[in-house]
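S.K.: Here are the chains, one letter per residue:
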Amino acid sequence: MTTITPTARARAHQGQRAGLVSRLAADLIDIILVLVLGVVLLALVAGVRALFSHGFDFLTIPQPGRGSAAGALLLVYLWFGWGLNGRTVGKMAMGLRAVRADGGDLSPSRALARALLYVLFPIGFLWVAVSGRNASLQDLVVRTAVIHDWGTRHIEV
Amino acid sequence: MAAPSGDPGPPLSAEAARLVTDAFGAAVVRVVEALGWVSSPGGPGQDAAAPPATTLRRLPRAGIDAGVEAGKQAVRAPTTAASRLLDVLAGEIIPAVVRRLDLNAIIDRVDVQRVVDRIDVQAVVQKVDIGAVVEKVDVEEVLARVDVNELVGRVDIGPVAKEAIDAVDMGQIVRESTTSLGTEASEAARVQAMWADDALASVVDRLLRRREPRQTGLDARAGR
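Taken in order, these protein sequences are the chains called A and B.
Add 36 to a position in the first sequence, counting from 1, and you land on the number used in my numbering.
Add 1256 to a position in the second sequence, counting from 1, and you land on the number used in my numbering.
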């Protein structure tokens, strides 16, 4: 195998579908962020409630509702990020962008469908490792792709 | 006949005196010969025919020689006098005149600017071979003469340092370097992930016995 410099590798991958590791790293960042966001939201709600009650009581949600609330938060977060410009914070960090399979921008409805599929059936993501086109099952269903897109700035690693 | 050696007069005057006296003497000899008063000595054709010299014949010759010598003295006398006059002038009068001169007044009357305007400085500079001058300078020796410590001691570092620090926007430098570090770290992580993507895909493709490389390009836009 010939040696490829980091800069050459970065340039060669621009606009190409990203593999499992890059996408997994971006998704892990997103999940951690959503967890932190959830805790902050709960603390905010508890703080507001404390204004009308005797003491600060950190809000806890009982189990059936807790998962649904977390799923809903993740759904909104992913929808917002992909629908806006194809990037969540995790994808920004890893230089990725979710696009249509032909490279066009995601419409809000397609972004919502994609987010819904990811929240309901996250294991489908692992198909990226097997797919000959680096596509997850969700990508195949809603005809989307995740590409390397570092933006227009000069790439120099 | 040459001028006597050890003549105190200036060489030019002595030469002139010699030329005049020689010419004068030669002319007198020619006249006397033409008159037939005396025979010319040394003429080979005339020696055989000439009668032997007698005391009577020698007399005019001696007279002529005396006349010639007197002429020489007469010419030399003013030359010697002029030489003495020059000695007096150079030794006493000119220094006295110079002492009395007000050189500053003279310099004030000289239009120095006009003189300077006439000098073609460019031409002068072009004639100077700066390279040769520089080559002659022994920089090491010049440096050895400079007491650097004393030089540095004279510099008031405080204000200079303050001005330099004021001119540097430390906050901007810290911001830029931090951003740069963050960017470098993030880009390095991205490239690492790319490398891991390729490695993992390669392993999976080998396990699946997939021959063709993955098609990671986007689909062609189908008229949408």
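Mixed in with the good hints, there may be bad ones.
Claimed, not checked - Residues from chain A that keep clear of chain B, each with C-beta distances beyond 12 Å, as calculated:
1) Val76
2) Leu80
3) Gly168
Stated by the list, open to error - Covered stretches of chain B (in silico footprint by chain A; criterion: 3 or more residues with CB under 8 Å from a CB of chain A, positions within the stretch not fixed):
4) 1278 to 1284
5) 1419 to 1425
6) 1465 to 1474
For the record, the hints were derived by calculation from the structure and aren't laboratory data.
Backbone N, C-alpha and C fix where the C-beta goes; we use that ideal spot for every residue, glycine too.
S.K.: Indicate, hint by hint, whether the structure satisfies it.
M.R.: Taking the hints in turn, this is what the structure says about them:
| no. | hint | in the structure |
| --- | --- | --- |
| 1 | Val76 | holds, 23 Å |
| 2 | Leu80 | holds, 29 Å |
| 3 | Gly168 | violated, 5 Å |
| 4 | 1278 to 1284 | violated (count 0) |
| 5 | 1419 to 1425 | violated (count 0) |
| 6 | 1465 to 1474 | holds (count 7) |
In summary, the structure is inconsistent with hints 3, 4 and 5 from the numbered list given earlier, while agreeing with the others.
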